[in-house]
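Trainee: Sequence:
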Amino acid sequence: MSGNEPFNTYHQRYDNWYDTHGAAYCSELLAVRALLPWKGLGLEIGVGSGRFAAPLGVRVGVDPSAAMLKLASARGISVMRGVAERLPFATASFDYALIVTTICFVDDPRAMLREARRVIKPEGSLVIGLVDKGSALGQQYLENRSQSAFYREATFYRAEEVEKMLKESGFPSQDWVQTLFRPLQEMREVESFRAGRGIGAFAVVRGMESLHDTLKEVMKSNGMFQRLADSSAEWLYWRTPEGKMRYISPAAEHITGFSVEELSHFPETCDAIIHSDDHELWRLHVREVDRGGASSPIEFRIVTKQGEMRWISHICRPIHDNSGTFLGISGSNRDITERKQAEEQLRYLSTHDNLTGLYNRAYFDAELGRLAGGREFPISVVMADVDGLKEVNDRHGHAVGDRLLQEAAKVLLAAFRSDDVVARIGGDEFAVLLPGADSAMVKDILKRVESCQAGVNRANSVFRLSLSLGTATAETGESLGEVLKLADERMYREKFGRKGRGA
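Numbering (our numbering), first residue to last: 1 to 503.
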């Protein structure tokens, strides 16, 4: 990999990007997660600081930067120093490999892809995440790369260039998703990914060897295709041009609860199990496929025979015989319910503080910007600081200090209204946004804070909860930022006043 020295020198700066761009980072994580296998041993090539490998469950990483590997190791990744073009692993060692942005830093991307194919098992897959050179963000990186310690020597690629390189390297079967549809500076919340490429700045592709032709030949010779399909965990089917179901794999019953015979009555049974909110999506997809158009993968919900909701990743393609005669549609339905639950958890973690369950600083700042441009005035701000946290940590340990913070969070949640934005914005600091609340209303709420705080102290003998509070009210969006500072100043004034009085 070229330009290795900046990653050793500025490794902490590189790693901090993910904290300062939390919404973009989580959006990228969700897009990569969409195409990454759920099971098996994975390798991240160019693991960096482990920001992708760790949350995605990729257990092994390789990188040329010793400083980066130290950060990745601290995140629980088994690391090895090496370069992408000469991977220090035996052939067919991994079920899949992941490459995120690394393609722009290597000297020879084709050699990297060949090495990836070598270390992946024959039935495995390669997932690549990249900033698309053709996107606005890609162009911005190009224009400003002389000012960047990391991208000065980088080579950016368009998605179609990566597609071509993958095919040349033995990964002809590809699925694409994309995200980052807005400029980074405008991102305030996590974005959902979409199928395809060419619109989002961050594109993700999953490349696999194409087994279609091989399996067709095997099917002709000895029926092995059906035996392979019968053992697949995916719900596979073949629908004839007349709309009849020629084949449905046994996994369909495991996923849906309906027997193969029940599902064979296409489209009645299959349509009936699709969640009502996704009927239109399915109808448009079927119409597109029946017209012979190119079909993109879609995700929808089904309701099983037992009444459970499950998420399905669906893809289908037309099939033809050697003479070109249309034989129907082959489709694959994969149960991605666990993935969707993990995505929801990622979204939650991107907006919430892990210790207290309150909103985090990123969400608070985003709501502050949104409210400043809205019409919900007056807006009051309350700043709160937990008194004596350091003393509690020193005397009783950090576990007790964490309990103190959690009790403070419970007090604030109980005292404020359900639509107020209650956030932990620092170690012992909390902030609350109160849309539509004037100063008189805030006074009433602060009385509830005092009452809840007293209740905690009556029930607890280990520590005493004390909150220093500061408030201010904004009448317009232009004044909201100043009001935030004023509330902060008042909070510190109360805190230091208490110390001066020996409270």
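Treat the hints as calculated values from the structure; they're not laboratory data.
Where hints are given, some of them may not hold.
Unchecked claim - For lysine to aspartate or glutamate, the following EDC-like pairs were computed, each having C-alpha atoms within a straight-line distance of at most 16 Å:
{"#": "1", "residue 1": "Lys39", "residue 2": "Glu261"}
{"#": "2", "residue 1": "Lys410", "residue 2": "Asp420"}
{"#": "3", "residue 1": "Lys495", "residue 2": "Asp428"}
{"#": "4", "residue 1": "Lys164", "residue 2": "Glu209"}
{"#": "5", "residue 1": "Lys305", "residue 2": "Glu261"}
{"#": "6", "residue 1": "Lys133", "residue 2": "Glu143"}
{"#": "7", "residue 1": "Lys244", "residue 2": "Glu262"}
{"#": "8", "residue 1": "Lys133", "residue 2": "Glu161"}
Trainee: Give a verdict on every hint.
Mentor: Hint-by-hint comparison with the structure:
With a CA separation close to 30 Å, the supplied pair Lys39 and Glu261 exceeds the 16 Å bound. With a CA separation close to 14 Å, the supplied pair Lys410 and Asp420 stays within the 16 Å bound. Restraint check for Lys495 and Asp428: the C-alpha separation of about 12 Å stays at or below 16 Å, so the hint holds. For the hint pairing Lys164 with Glu209, the CA-to-CA distance comes to about 14 Å; that is within 16 Å, so the pair holds.
Our distance criterion of 16 Å between C-alpha atoms is met by Lys305 and Glu261, whose separation comes to about 14 Å. Between Lys133 and Glu143 the alpha-carbon distance is near 11 Å, which keeps this suggested pair within the 16 Å criterion. Between the alpha carbons of Lys244 and Glu262 the distance comes to roughly 13 Å, so the proposed pair stays at or under 16 Å and holds. Under the criterion of a C-alpha separation no larger than 16 Å, the hint pairing Lys133 with Glu161 is consistent with the structure, at around 10 Å.
In terms of the numbered hints stated before, the structure departs from hint 1 and from no other.
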